[in-house]
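Chains as they are written, first to last, in the UniProt record's numbering: chain A, 1 to 295; chain B, 1 to 295; chain C, 1 to 295; chain D, 1 to 295.
It is worth saying that the hints were derived from the structure and are not from the lab. Careful: at least some of the hints might be erroneous.
Treat identical chains as interchangeable: a pair holds within one or across any two.
Under the rule of at most 30 Å between Cα atoms (straight-line distance), these lysine-lysine pairs were calculated in the DSS-like manner [as the list claims (entries may be wrong)]: (1) LYS126 x LYS34; (2) LYS282 x LYS34; (3) LYS152 x LYS268; (4) LYS201 x LYS23; (5) LYS152 x LYS72; (6) LYS282 x LYS292; (7) LYS201 x LYS268; (8) LYS159 x LYS72; (9) LYS111 x LYS292; (10) LYS152 x LYS126; (11) LYS34 x LYS268; (12) LYS126 x LYS159; (13) LYS34 x LYS112; (14) LYS292 x LYS112; (15) LYS23 x LYS268; (16) LYS112 x LYS201; (17) LYS282 x LYS112; (18) LYS20 x LYS201.
4 protein chains.
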Amino acid sequence: MAVAMNMNWKEDQEVIEIIKRIKEPFKMTNRAFKAEDTCVTVDGRSIGNGHFGIIAGPCSVESRSQIVDVAKAIELSGANFLRGGAFKPRTSPYDFQGLRSEGLALLRAAKKATGLPIVTEVMAVKTLEDHADDIDIIQIGARNMQNFDLLKAAGQLRKPVLLKRGMSATIEEFLMAAEYILSEGNDQVILCERGIRTFEKYTRNTLDLSAIPVIKRYSHLPIIIDPSHATGDSRYVESMALAAVAAGADGLMIEVHNNPETALSDGKQSLTPVQFNAVMEKVTQLAKIMGKTVG
Amino acid sequence: MAVAMNMNWKEDQEVIEIIKRIKEPFKMTNRAFKAEDTCVTVDGRSIGNGHFGIIAGPCSVESRSQIVDVAKAIELSGANFLRGGAFKPRTSPYDFQGLRSEGLALLRAAKKATGLPIVTEVMAVKTLEDHADDIDIIQIGARNMQNFDLLKAAGQLRKPVLLKRGMSATIEEFLMAAEYILSEGNDQVILCERGIRTFEKYTRNTLDLSAIPVIKRYSHLPIIIDPSHATGDSRYVESMALAAVAAGADGLMIEVHNNPETALSDGKQSLTPVQFNAVMEKVTQLAKIMGKTVG
Amino acid sequence: MAVAMNMNWKEDQEVIEIIKRIKEPFKMTNRAFKAEDTCVTVDGRSIGNGHFGIIAGPCSVESRSQIVDVAKAIELSGANFLRGGAFKPRTSPYDFQGLRSEGLALLRAAKKATGLPIVTEVMAVKTLEDHADDIDIIQIGARNMQNFDLLKAAGQLRKPVLLKRGMSATIEEFLMAAEYILSEGNDQVILCERGIRTFEKYTRNTLDLSAIPVIKRYSHLPIIIDPSHATGDSRYVESMALAAVAAGADGLMIEVHNNPETALSDGKQSLTPVQFNAVMEKVTQLAKIMGKTVG
Amino acid sequence: MAVAMNMNWKEDQEVIEIIKRIKEPFKMTNRAFKAEDTCVTVDGRSIGNGHFGIIAGPCSVESRSQIVDVAKAIELSGANFLRGGAFKPRTSPYDFQGLRSEGLALLRAAKKATGLPIVTEVMAVKTLEDHADDIDIIQIGARNMQNFDLLKAAGQLRKPVLLKRGMSATIEEFLMAAEYILSEGNDQVILCERGIRTFEKYTRNTLDLSAIPVIKRYSHLPIIIDPSHATGDSRYVESMALAAVAAGADGLMIEVHNNPETALSDGKQSLTPVQFNAVMEKVTQLAKIMGKTVG
Chain A
1 MAVAMNMNWK EDQEVIEIIK RIKEPFKMTN RAFKAEDTCV TVDGRSIGNG HFGIIAGPCS
61 VESRSQIVDV AKAIELSGAN FLRGGAFKPR TSPYDFQGLR SEGLALLRAA KKATGLPIVT
121 EVMAVKTLED HADDIDIIQI GARNMQNFDL LKAAGQLRKP VLLKRGMSAT IEEFLMAAEY
181 ILSEGNDQVI LCERGIRTFE KYTRNTLDLS AIPVIKRYSH LPIIIDPSHA TGDSRYVESM
241 ALAAVAAGAD GLMIEVHNNP ETALSDGKQS LTPVQFNAVM EKVTQLAKIM GKTVG
Chain B
1 MAVAMNMNWK EDQEVIEIIK RIKEPFKMTN RAFKAEDTCV TVDGRSIGNG HFGIIAGPCS
61 VESRSQIVDV AKAIELSGAN FLRGGAFKPR TSPYDFQGLR SEGLALLRAA KKATGLPIVT
121 EVMAVKTLED HADDIDIIQI GARNMQNFDL LKAAGQLRKP VLLKRGMSAT IEEFLMAAEY
181 ILSEGNDQVI LCERGIRTFE KYTRNTLDLS AIPVIKRYSH LPIIIDPSHA TGDSRYVESM
241 ALAAVAAGAD GLMIEVHNNP ETALSDGKQS LTPVQFNAVM EKVTQLAKIM GKTVG
Chain C
1 MAVAMNMNWK EDQEVIEIIK RIKEPFKMTN RAFKAEDTCV TVDGRSIGNG HFGIIAGPCS
61 VESRSQIVDV AKAIELSGAN FLRGGAFKPR TSPYDFQGLR SEGLALLRAA KKATGLPIVT
121 EVMAVKTLED HADDIDIIQI GARNMQNFDL LKAAGQLRKP VLLKRGMSAT IEEFLMAAEY
181 ILSEGNDQVI LCERGIRTFE KYTRNTLDLS AIPVIKRYSH LPIIIDPSHA TGDSRYVESM
241 ALAAVAAGAD GLMIEVHNNP ETALSDGKQS LTPVQFNAVM EKVTQLAKIM GKTVG
Chain D
1 MAVAMNMNWK EDQEVIEIIK RIKEPFKMTN RAFKAEDTCV TVDGRSIGNG HFGIIAGPCS
61 VESRSQIVDV AKAIELSGAN FLRGGAFKPR TSPYDFQGLR SEGLALLRAA KKATGLPIVT
121 EVMAVKTLED HADDIDIIQI GARNMQNFDL LKAAGQLRKP VLLKRGMSAT IEEFLMAAEY
181 ILSEGNDQVI LCERGIRTFE KYTRNTLDLS AIPVIKRYSH LPIIIDPSHA TGDSRYVESM
241 ALAAVAAGAD GLMIEVHNNP ETALSDGKQS LTPVQFNAVM EKVTQLAKIM GKTVG
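For reference, chain A alone in the conformation it holds in the complex (with noise of 0.2 Å):
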């Protein structure tokens, strides 16, 4: 059967069984094989199952003194994990392509800062082979979405996934892109969802917070999102912030750069150590109301 060829684990007869009875496409990502919420933790850090999990930092690692400065400040500020990325998905070959590995030692330094783990995309099996150890969360990104043989790659880890929603990938293939991860045998996967692509100009993308709910039905896999990208305007962050924390969300990916003007990408959508700063404050807040724990 389909189902048993691909599964890692095909001693467990009990499973299959299972797995057979769920009608959805998606199987060990479905509520209907696992009731309970899953929970992922690094060091100590949870998101899922009532944790409220903080992403922060900058979009690319630039330099020392800007990724150490900026894990500092969102330590401060009660972040729980520090993203930045080394290797960078770029519209054009012409722009900054990121430090690469240069930038994951950097990343290294500033988790020694500040104990912060550290969250950074893979955009290649190879990156995977060579530096899965440096990265404590392994970020697979919207445009990798449905880049299978990374999915396959990033599930024969044994260490967490933050897949993010493409940007036009309907929930169900969200959850089927997860799938790959988890019949590998990797069930610490984090879903991310982005924004999506609509006709709207006004914004970057269409946050669909409507994911929140659907994939809290449908799946046991913890839920977050980055209001940063999606909308594309830190004006809008706080606002969307508090919106996904209220509509149940896992946890939270936002951007923060010391000098967002100077940002070699997406400064616009980048909030401030003191912006970000008053948005952590009143995300507690609300975050703790909505029943979860923070940090």
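Got chain A; can you put chains B, C and D on it based on the hints?
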């Protein structure tokens, strides 16, 4: 000049000067034209400028007992306004088209029983001419957002208009549609986001909550959210209602039916009175935390 | 039964039986209801069932010399019908709204000079009541595709209706809108695809030419294409006009202006008479190869 | 300067000067960079610059007899290239993933039997390293259009690349993806439009034929059309194939299966060899009328 030609109040030269300096195509709708938030008030109940309004009721008026019972129930739960369709826009000419003037009479009866002002959709200029006096807030539906003759006729009334965003209208087009009403002299306009059309299929439309901060930035008009039509599924209404409050909305429009399973239209997305009461408790609590006056 | 209630010809029990057996929600519009292609004829000029019709003219009627000159030019190039907007749907209330009844009079003058029947948009039931006699083919625009009162009023006329697809209407909704007209007793309906709203920005809309074979399969009504509004750019009109012919369309609607650079609306997408003549030569040749009668 | 850093041919100062003057973000892909149409040739068979190419074959390679039989049939009908998937991108990890290297061997057998060069999709850099020599034209699929590592690796090859448009990619992003390949030194790129994602449900995607004149205006690269994936329905393939020819496309990619009802993937959209032969007769006739050389 084109602007002057279309304004009823051309005597005011200063206003024209302000309008000419506004760079966006929407002028009187613009926050640059009027800095303070607009508040729409009917019978002492307000929406906007710190007042959070709740409009609830069935998709269609079906019978006297149905509309009166629902009106009493939502009034007990704290709703401020009663909605109910008498003239129904239906994709099929063979579907139930509404009770029309009989439906309006039933809405009046429900108002008499509860004191709740009536919000109901009008699809034609003729209906406005015949029945505007029987309606407290004129609703213009998504399909008629660019029915310019209807917008102009509503602009010539001196009573509130609830304007729904078209299903593929940009925010700019939405504000331009409101401009048609304001430019005729009626500034009592409430905007309503009700989901836009995208490729996603797990929800009927995609609720664009980012429209809230965008509209708050560009316009002084109140903006409310209809989570029922947006998601098309009663199971997602609470989550999206709370998200709307947190995002800064000025109110909600929620479908409630005393027996959703037998509803003549849109039963799947209607809350029961009991479910509505539970949502209202959370919405009211959150709205107060957001600094809004409810009711 | 619902169907019967909405039909003017309820005497025919057999028809109702056919309708009840059609599984799609559109009934009288359905090819299962009427197998042979519908042909719409005005003054001996036909569209549909092998007849390829060409409607051309300016976006807006601007002056006597403009509309008469354009009419003469397009008639020489082989167009069968003259289009020209008198009542203009404009996103902004401050934009040119059309010459209205004066525009209709100018269209009559152009018809007198050339013999070309007139196609013009009507946005309101009142306009139909006042002016239907002056128009040969009533155009209902994309923004009014679900203005059901207007559709019903057009259905009660006994003259052809050109119905444009709404900018985010599915093909099923498009056929249901036509059904409103047919169910009132008027089966002289021409469908017109004019581009749908997508994320793409290099064209104003995305022309959905696959609507041609889909509509040919499901409906007997003629389907024509408007490459001018779809692309919004005169440089792409020839390519899309030829594609429409090859795909099996029953006609074209093309904007032609004697001086596009000074046009009061949509100049960028208008062909000059010389450009139109060149397009017509190729279109005519290709339509004949496709087995159609032109003119 | 960023452009120079990413170019392999930085010795040519004049080229850099031209690139800097091109205002669009795509440079080497731009018609302003190279005025004449690019022609891609394999084994004496050409696509572009007046040569109309036809790529046909099954979605997936399933068996020796299947692929050899289809190859012989399409060769008789006049196709120039054989397509067939060996590495299959599938939404579900439990669906048939392709015969992989065994599939490539079967494609070589079919080439040996017919002389038809092979077009097949590659999803991973590793596959390129292992198997590029066995493939005549490397296909990069819609889901990998922004898999930048794969694009760069394909750019370092010296063999043709068929790049499919992503399902929600703008034309500009599509040309930027091609730019990744050209900027690495490989200018043998064929673009392929295969439908974009919209709200319409009667077709699997919406075929954007207006991409043809837009790309012809902005780029020198050949553009072909895949009506099979675009419509998802074999009944609409002929209509869209003819429309593509009339719109000015440089070729077609059509799915043909000797037994569509038993196909392991995409059977619904596959033509039988007999149907394909009928389409080919019309396509060939029309391409000649459009001034193209077929074969």
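Unsatisfied constraints (hint numbers, rising): Hints 1, 5, 13, 16 not satisfied by this model.
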